[in-house]
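These are the residues of each chain, in order.
2 protein chains.
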Amino acid sequence: MDIRPIGVFDSGVGGLTVVKQVMKVMPQENIVYFGDTARVPYGTKSKEAVTKYSLQNVRFLQTKDVKAIIVACNTASSNSLEAMRASTDIPIFGVVVPGVEAALRATKNGRVGVIGTAATVRSGAYERMICGANPQIQVFSKACPLFVPLAEEGWTDNEVSRLAAQNYLTELTQKGIDALVLGCTHYPLLKRCIGTAVGDAVKLVDPAKATAQQVMTFLAERGQRNETQGEGERRFYLSDTTDTFGFLCQKALKRRYEAQIIDIETY
Amino acid sequence: MDIRPIGVFDSGVGGLTVVKQVMKVMPQENIVYFGDTARVPYGTKSKEAVTKYSLQNVRFLQTKDVKAIIVACNTASSNSLEAMRASTDIPIFGVVVPGVEAALRATKNGRVGVIGTAATVRSGAYERMICGANPQIQVFSKACPLFVPLAEEGWTDNEVSRLAAQNYLTELTQKGIDALVLGCTHYPLLKRCIGTAVGDAVKLVDPAKATAQQVMTFLAERGQRNETQGEGERRFYLSDTTDTFGFLCQKALKRRYEAQIIDIETY
Numbered sequence: 070m071d072i073r074p075i076g077v078f079d080s081g082v083g084g085l086t087v088v089k090q091v092m093k094v095m096p097q098e099n100i101v102y103f104g105d106t107a108r109v110p111y112g113t114k115s116k117e118a119v120t121k122y123s124l125q126n127v128r129f130l131q132t133k134d135v136k137a138i139i140v141a142c143n144t145a146s147s148n149s150l151e152a153m154r155a156s157t158d159i160p161i162f163g164v165v166v167p168g169v170e171a172a173l174r175a176t177k178n179g180r181v182g183v184i185g186t187a188a189t190v191r192s193g194a195y196e197r198m199i200c201g202a203n204p205q206i207q208v209f210s211k212a213c214p215l216f217v218p219l220a221e222e223g224w225t226d227n228e229v230s231r232l233a234a235q236n237y238l239t240e241l242t243q244k245g246i247d248a249l250v251l252g253c254t255h256y257p258l259l260k261r262c263i264g265t266a267v268g269d270a271v272k273l274v275d276p277a278k279a280t281a282q283q284v285m286t287f288l289a290e291r292g293q294r295n296e297t298q299g300e301g302e303r304r305f306y307l308s309d310t311t312d313t314f315g316f317l318c319q320k321a322l323k324r325r326y327e328a329q330i331i332d333i334e335t336y
Numbered sequence: 070m071d072i073r074p075i076g077v078f079d080s081g082v083g084g085l086t087v088v089k090q091v092m093k094v095m096p097q098e099n100i101v102y103f104g105d106t107a108r109v110p111y112g113t114k115s116k117e118a119v120t121k122y123s124l125q126n127v128r129f130l131q132t133k134d135v136k137a138i139i140v141a142c143n144t145a146s147s148n149s150l151e152a153m154r155a156s157t158d159i160p161i162f163g164v165v166v167p168g169v170e171a172a173l174r175a176t177k178n179g180r181v182g183v184i185g186t187a188a189t190v191r192s193g194a195y196e197r198m199i200c201g202a203n204p205q206i207q208v209f210s211k212a213c214p215l216f217v218p219l220a221e222e223g224w225t226d227n228e229v230s231r232l233a234a235q236n237y238l239t240e241l242t243q244k245g246i247d248a249l250v251l252g253c254t255h256y257p258l259l260k261r262c263i264g265t266a267v268g269d270a271v272k273l274v275d276p277a278k279a280t281a282q283q284v285m286t287f288l289a290e291r292g293q294r295n296e297t298q299g300e301g302e303r304r305f306y307l308s309d310t311t312d313t314f315g316f317l318c319q320k321a322l323k324r325r326y327e328a329q330i331i332d333i334e335t336y
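Sequence order for the protein chains is D and V.
Each number in my numbering comes from the position in the first sequence (counting from 1) with 69 added on.
Each number in my numbering comes from the position in the second sequence (counting from 1) with 69 added on.
Hints in this document: simulated from the structure, not taken from any laboratory.
A few of these clues could be false.
In this list, chains with the same sequence are indistinguishable; a pair is considered to hold if it fits within one copy or across any two.
As the list claims (entries may be wrong) - Below are the SDA-like pairs computed for lysine to any residue, each with C-alpha atoms no more than 25 Å apart in a straight line:
1. 177 - 283
2. 278 - 159
3. 116 - 223
4. 278 - 99
5. 211 - 331
6. 320 - 301
7. 116 - 306
Given the sequences, and given the hints that come with them, work out the whole structure.
Quick look at the structure:
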């Protein structure tokens, strides 16, 4: 048994949707969350910038003595996972591999859509891994840069977000996809409006659930689960103050938490 | 006469709309532009973060031996101007004061709207200065956080941006404003769609023009204009690569420029 916390980081506060899934499947685990709100978003930035920031985030979480790190951010998972793994012995989990496995399970007709930030789509990570696992499957990717600011603005299902979703997603539904990977931690917040745009026949795949499951299995196999009775402790760190943290805590975790501000550039 | 360049910085590439105005009124001046594309946007961040970044940007421009610095970014101008001025002897010009003067000239009925990022509106800088100059004037402010990502996505005048503009601006037009300050360097790119939302009776005020004029007067009074014949040299630095730079160079400056990438965190 290992009572050390699980570290989770994201480019901002979107990763709280991943924390939600971790809390659901492993309520007794301690969690340390870091949201890089000073440098959010990662999705519009270069691979080099995303990698530099990701390495700093890993170094910060290491100072909290974590037993594993979940990279909640799809952009960091698809651009910088190798670099992070090369930098530390702590096991690091991205959201892409579990997301890929969930997509493979979800599709019946072999036509899968992937939506994410510009950097995630540009990396081609989902496409490469889905086709690597099953070359029969066709993947159609689309960057939806406005979904993050729409979610942060709280416009998760109004006429503007519905119109933006239609603009982005019509070309994917025309390809006849039957599964759509929500390849960005913010997108589950827009689930209803994305669902309306693609129709009921398309299954929405949220990599966060599969990721939490994968980490649980990994820890259990190594006897590293925290088996202490009761609910684990959750600590939240941000690199800048933001109103969105409180709003998303309520929306995703149904609870208030306080966040501590740290200077990530010094790590 | 002083042939040293004028420094201009912005949180990203939106400040190219300010460079455009500087090039128009002072074509022979040399210009060094820095766009903090690695940490864009500033508008959603705290005063502390914006000030820290602004001071680094000033330090970087100082290494280029500039004779004056224009803070093209409204968020930095309204949150961090004092801190920047305290940090150096180089004259520093924000866009807020010239924008305020232009708004005072534009309004006939004394009802002025101001739109900007969340941080600009939260700072209250425009409101304070407009009312300071003329307490009779009523100011109505509104943060429009989606306008920057809309402009960066190239959706400057489509159905999504028109609907977003309507959502944001209806409450301002209902107040009976006759002038609207575009308090963010990106907003002139959405001019048509903002104009449609507020109607022809509302005059749109772009602080960039007034700023370029103010800097020209300042330099002329001190005999610091560059009177060399021909067009000045323009150099562009960014803290991260971005496709938007090329797109905006074409759109705002009608020309291609190359940008050099620098690591701003080391300044």
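Consistency of the hints with the structure:
1. 177 - 283: within (23 Å within a copy, 64 Å between copies)
2. 278 - 159: Classified as within; 21 Å inside a copy, 54 Å across copies.
3. 116 - 223: between (28 Å within a copy, 22 Å between copies)
4. 278 - 99: within (18 Å within a copy, 54 Å between copies)
5. 211 - 331: Neither: 34 Å inside a copy, 30 Å across copies.
6. 320 - 301: within (20 Å within a copy, 53 Å between copies)
7. 116 - 306: For residue 116 and residue 306, both the intra-copy (24 Å) and inter-copy (18 Å) Cα distances are at most 25 Å.
Violated hints amount to a single one, hint 5; each of the other numbered hints is respected by the structure.
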